[in-house]
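S.K.: Given next are the chains, with one letter for each unit.
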Amino acid sequence: MIAAPSNRRRSRLLESVLFWVFRIGTYFVLLCATYIFLDIGIKGGRTVFTRTAPFVNVKFLTEPPQTLYVFDYEGKKMELSDREYREWKTTHKEDVDVTSVSYSAGGIWPCIVGTALLVIGSMTLALFIGISCAIYLSEYSRDGRFIRLIRVAILNLAGVPSIVFGLFGFGLFVIFFGWNVSLLSGWFTLGLMVLPAIITASEESLRAVPQGLREGSLALGATKWQTIRKNVLPYALPGILTSSILGIARVAGETAPIMFTAAYAMRDEMPWQVSHWTNFFFQGVMALPYHIYVVSSKIPQNEYTERVQYGTAFVFLVVVMLIALTSILLRERQRRRLSW
Amino acid sequence: MVSLLEMPQTLSQQLPRQNDRRADEINGAEVMIDVRDLDFAYGANKVLHNVNLDIPAQAVTAFIGPSGCGKTTLLRCINRMNDLIEGARITRGALHLGGVDINAPEVDVVDLRRRVGMVFQKSNPFPKSIYENISYGLRIAGITKRSRLDEAVEKSLRASALWDEVKDRLDANALGFSGGQQQRLCIARALAVEPDVILMDEPCSALDPIATAKIEELIHALKKQYTIVIVTHNMQQAGRVSDHTGFFYLGKLIEFGPTTKIFTNPSEKRTEDYITGRFG
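Protein chains in written order, with the numbering used here: chain A, -13 to 326; chain B, 10 to 289.
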């Protein structure tokens, strides 16, 4: 049936209005993403890259944070780090009017190390538990009410806000188990947080392995575990690992779960400077996202704090981007190699 | 061709058997597998009704019938592959392999499958090298000695008439070979563990006539040592390769007998109608 002309005009108008609403919505996302990346890239890039050789700011990437001292001396504006300021004081006895800005000198090396340690530990933990769980769910369990309950629990766990994970980790690991603010508490808290994502990704990868391989193996007299170990897991593992790399970005990026469980605002020793090796697990560390939070919550904000805020955010983004890029490259290589 | 019977006895002794007495019984007996009053269901859906059948040793038995008649289900009962399917179970009757009820609680399904090999409709070589494919069954049985594996790989490949085609490429990935070669590789893989019975589930359904002819030749050569049960949609194939044929229709075994009789002088009207192409 053909509609009346007025009707048709109205519906055509609606068509083009909706088209523009959708289009502008999409462009808005693009605009926001471009603004964030350009802003952090330009301002942070200034901190990390220098005009003179070496072109990468080695100091920012390899030194711990220090307090910055700013003052006027004989008409010159001095910007000295804590160590430099103390050296300067030994030769200059006169009083100067000093403004100190915390964490704005030095670099972010301990934060990079701390984040790396948190990622390695929590991902190892989450992969071990997650893959075990996925193998159980996809290979051993038979569908039933209990299994459906487990799946609902996993889905719900994925929806829990990260600050709740942080408080849970604080209550259980830090207080109840008495691990204090430590790497171990952070590993378990972050590990639990990414667990649902890893279980889901692992289950999908396991299901992608053709049933024929399982049957072929079982028909040769292999036990279930032999079949899984030799003929299912090796083909699912690359998929599990690449999907889990996206989990790494999450673990590296979350502030809330570690602020009560693993992160220190400032620590002078590096993580390997422990008196006994067991103490390694029970020490707090600095971390990139928490460092951004700490330097950003300092008042007043000025051009000196901005430098370290943007610099840290920039390094952080680059690290996460590198991780994501690795995952994409690995997946592409895997797709080419395994095809059935 | 090197006969698999000439293989050193030690190899078969390596594979744990349920008990030796039973193995002897099988070798002496004429009937390898007997199916008694078998009913089978997927959940509430009954797919086999009162099947009775004796599968003779060292001969080829073919199951024919239209799609959904239960022939593949019966085949997968013989090595308990149906255990993998949720809700699938035997509701009445039993299958015996050499006189032993294969669903008895004391029978280890892993042992059973070592003695009853299977070749699937869709060839499923593992995405590994030829060598690893063939030696897979032996390795999982705990044989690690390289010389013994080498020997078994060569013998199985020769027995499946694949040796000359692949002997220089044992380390090549099995997925790089043609469909027919892959299917013969799957047969070789099943032979390597020295089973008593080989089940074939429409092994040629995805192959061209030349590859099909090679597999049929192979089946012919293998029946000297193995009991072979083959499910096929291709009636000419059943006629060419089998000694005995069972015709299934709607979950019932309509007629079972020597292939020549089934094809030339069936006693059931439905068998004749199916074979002459009047339905199915």
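One thing to keep in mind: the hints can contain errors.
[Unchecked claim] Which bits of chain A does chain B cover? Going by a derived footprint, with three or more residues having C-beta under 8 Å, they are: (1) 198 to 205; (2) 210 to 217.
[Unchecked claim] Here are some chain A residues the structure puts well away from chain B; computed CB gaps all over 10 Å: (3) S(-3); (4) K62; (5) L141; (6) I226.
Just so you know, the hints here were simulated from the structure itself, not pulled from any lab data.
Where a beta carbon is used, it is the ideal one built from N, C-alpha and C, also for glycine.
S.K.: Work down the list of hints and note, for each, if the structure agrees.
M.R.: Hints and how they fare:
By the rule of at least three residues with a Cβ nearer than 8 Å to a Cβ of chain B, the coverage given for the region 198 to 205 of chain A holds, with 8 such residues. Given a C-beta distance limit of less than 8 Å, the hint that chain B covers the region 210 to 217 of chain A holds, as 3 residues qualify and 3 suffice. Against the 10 Å criterion, S(-3) (chain A) stays outside the reach of chain B, whose nearest CB is about 50 Å from its own CB. For K62 (chain A), the shortest C-beta to C-beta distance to chain B comes to about 70 Å, beyond the 10 Å cut-off, and the non-interface label holds.
At roughly 22 Å from the closest C-beta of chain B, the C-beta of L141 (chain A) stays outside 10 Å, upholding its exclusion from the interface. The claim that I226 (chain A) lies off the interface holds: its Cβ sits roughly 17 Å from the closest Cβ of chain B, which is beyond the 10 Å cut-off.
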